[in-house]
Amino acid sequence: MSEEIVSELMRAHVYRLASTGQRLDGRALDEPRKVSLERAFVKTAEGSARVKLGNTDVLVGIKMSVGEPYPDTPNTGVLSTSVELIPMASPTFEAGPPRPEAIELARVVDRGIRESKMVSMEKLCITPKEKVWILFIDIHVLDYDGNLFDACSYAAVAALASTVAPAKSLGLGDDFPLPVEHWPVSVTTAKIKDRLLVDPSLDEERMADARLTVTTDENGDIRAMQKGLSGTFSYDEVKGIIETAQRVGRRIRPLLQSS
Amino acid sequence: MEDIEHFAKAMKLIDADGRRLDGRKFNELRPIRIEAGVLRRADGSAYMEWGGNKVLAAVYGPREAHPRHLQDPARALVQCRYNMAPFSVTDRKRPGPDRRSVEISKVISEAFSSVVFAEQFPRTSVDIFIEVLQADAGTRCAGLTAASVALADAGVPMRDLVASCASGKIDGVVCLDLNKDEDNFGDADCPTAVVPRTGEIVLLQMDGHLTSDEFEKAMDLSIDAARRIYDLQRDALRRRYSVTLEDILKESPPVPSPMQPEGRLPSEDDFGPEGI
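These protein sequence lines are chains A and B, in that order. Numbering follows my numbering, in which position 83 of the first sequence is assigned residue number 202; successive positions increment by one, without gaps. Numbering follows my numbering, in which position 198 of the second sequence is assigned residue number 314; successive positions increment by one, without gaps.
It cannot be assumed that every hint is accurate.
Derived DEER-like restraints, expressed as beta-carbon distance ranges [to be verified]:
hint : chain 1 : residue 1 : chain 2 : residue 2 : range
1    : B       : R343      : A       : R130      : 48 to 54 Å
2    : B       : Q236      : A       : F295      : 55 to 61 Å
3    : B       : A190      : A       : T192      : 57 to 63 Å
4    : B       : R210      : A       : R366      : 39 to 45 Å
5    : B       : E362      : A       : S353      : 54 to 60 Å
6    : A       : G290      : B       : R354      : 47 to 53 Å
7    : B       : P273      : A       : E234      : 51 to 57 Å
8    : B       : P183      : A       : P296      : 46 to 52 Å
In short, the hints are calculated from the structure, not lab data. Glycine included, every Cβ here is placed at the ideal spot set by N, Cα and C.
With these hints in hand, go ahead and build the complete structure from the sequences.
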């Protein structure tokens with residue numbers, strides 16, 4: 120991903136606004152962009168969701184198949200998450216094997232879902248040591264306007280929640296919805312100098328010094344975190360970011376849960 | 117899987133009344149919907165639904181071509197990347213290009229190279245990205261048709277839009293626009309793309325078995341359908357860009373000009389011998 124240049128004027132402007140609690144698009148500092156969600160967008164997938172977070176547009180498709188479990192977890196299904204930053208989505212994305220950015224993104228989304236035990240993977244075991252369900256979360260970024268971590272995570276969660284396992288066509292009994300037990304919500308905060316901005320837009324993200332993604336569950340417990348970029352956070356800042364993530368998470372969760 | 121067994125046994129793709137499995141006649145297209153300008157970051161974009169196909173196309177450029185050694189000092193490169201999402205098909209497709217996608221990307225690039233005024237933009241590339249989100253046979257035609265609208269949305273100068281459609285043969289009958297089941301169990305498939313204004317053919321592929329009479333029948337069907345698709349493409353662009361007089365007046369109410377007597381529309385005389 121080649122860097123895009125942000126002008127000094129824009130940098131100064133965004134910071135000046137932020138220091139008076141304002142942002143380019145009129146949001147408050149702790150206010151995420153509008154989330155819109157379209158479920159079952161792709162009929163060829165076992166589950167899917169298209170999420171727009173502001174102008175960031177992400178499509179997630181879930182495919183399921185049957186395979187062998189890992190030897191160290193013989194009684195649990197397999198979860199595999201991948202992200203394609205397709206060159207359609209941004210002038211800075213290039214075709215080719217996944218770059219570190221895409222790998223980090225996929226792993227952070229995966230971690231939130233895996234660690235929150237959103238889907239009970241034990242219930243996706245068919246025959247211990249031999250046959251389990253394999254869940255593929257394929258994330259397709261269509262339009263990149265900042266904060267892919269949250270957009271991808273919302274789309275993945277919504278897609279999983281709408282997934283029906285194709286058991287019948289594989290001779291494994293009746294089709295069944297995935298056993299969803301928890302609801303992780305990821306909230307990313309960017310730091311520009313000494314200001315913290317929730318759900319950074321592209322311009323904000325490009326000039327951010329540091330980034331922190333916090334995934335919380337329905338009890339407000341933290342299930343995954345990831346700090347990014349070369350800047351630093353103070354301990355107080357981290358505590359504040361977690362509180363905000365819990366608060367924003369409570370507002371976004373019902374949206375992902377509604378069907 | 118059940119479906120496949122059913123078809124393999126019955127192999128009846130056209131009923132006694134000449135209707136196809138989805139109720140279409142031999143010369144009928146599946147429902148088509150095109151929308152122009154759907155992505156924010158791309159210079160031009162279009163979304164298309166065609167039967168069960170869902171396809172996005174985006175255009176970037178003309179922009180500096182890189183790697184640099186690919187640059188052509190005389191003209192722009194027209195490069196297309198056709199890609200299928202892993203979840204766009206029944207059995208998950210491994211992400212990334214396979215031999216089929218590489219071939220389709222190449223023939224689509226070549227199809228557009230013949231309509232884009234590439235000599236106006238030396239050393240640049242016009243990059244066309246086609247993403248198949250949901251596949252139901254005929255994805256290259258849908259991709260090409262959508263990409264054509266995306267190129268226009270990006271303002272890339274072209275001789276004309278390109279419209280594309282496939283015809284094939286099922287149960288011995290030449291039919292327009294095969295769907296997935298028809299494609300899987302049919303006898304031939306022949307995707308075509310044309311420049312509707314001139315009738316030039318810019319893409320032509322075929323696999324299966326057709327007599328020369330059948331081939332001509334298939335081409336006639338495809339060319340006729342391409343004209344209808346061309347209208348849908350232009351409609352999509354019109355919906356995106358057309359402005360009515362009311363829109364203009366709402367934006368900026370007319371200011372009486374001191375130079376012109378009120379109520380008189382400008383005539384040719386107002387603009388000297390050069391015209392406007």
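Now the hints, each set against the structure:
Checked against the given bound of 48 to 54 Å, the beta carbons of B/R343 and A/R130, roughly 52 Å apart, stay inside it. Checked against the hint of 55 to 61 Å, the C-beta distance between B/Q236 and A/F295 comes to roughly 58 Å, which is consistent with it. In this structure, B/A190 and A/T192 meet the distance hint of 57 to 63 Å, their C-beta atoms being roughly 59 Å apart. Taking 39 to 45 Å as the suggested C-beta distance range, the pair B/R210 and A/R366 conforms, at roughly 40 Å.
For the pair B/E362 and A/S353, the beta carbons lie near 56 Å from each other, so the given range of 54 to 60 Å is met. With their beta carbons about 51 Å apart, A/G290 and B/R354 fall inside the hinted range of 47 to 53 Å. As the Cβ distance of B/P273 to A/E234 is approximately 52 Å, the hint placing it in 51 to 57 Å holds. For the hinted restraint 46 to 52 Å between B/P183 and A/P296, the CB-CB distance of approximately 48 Å keeps it satisfied.
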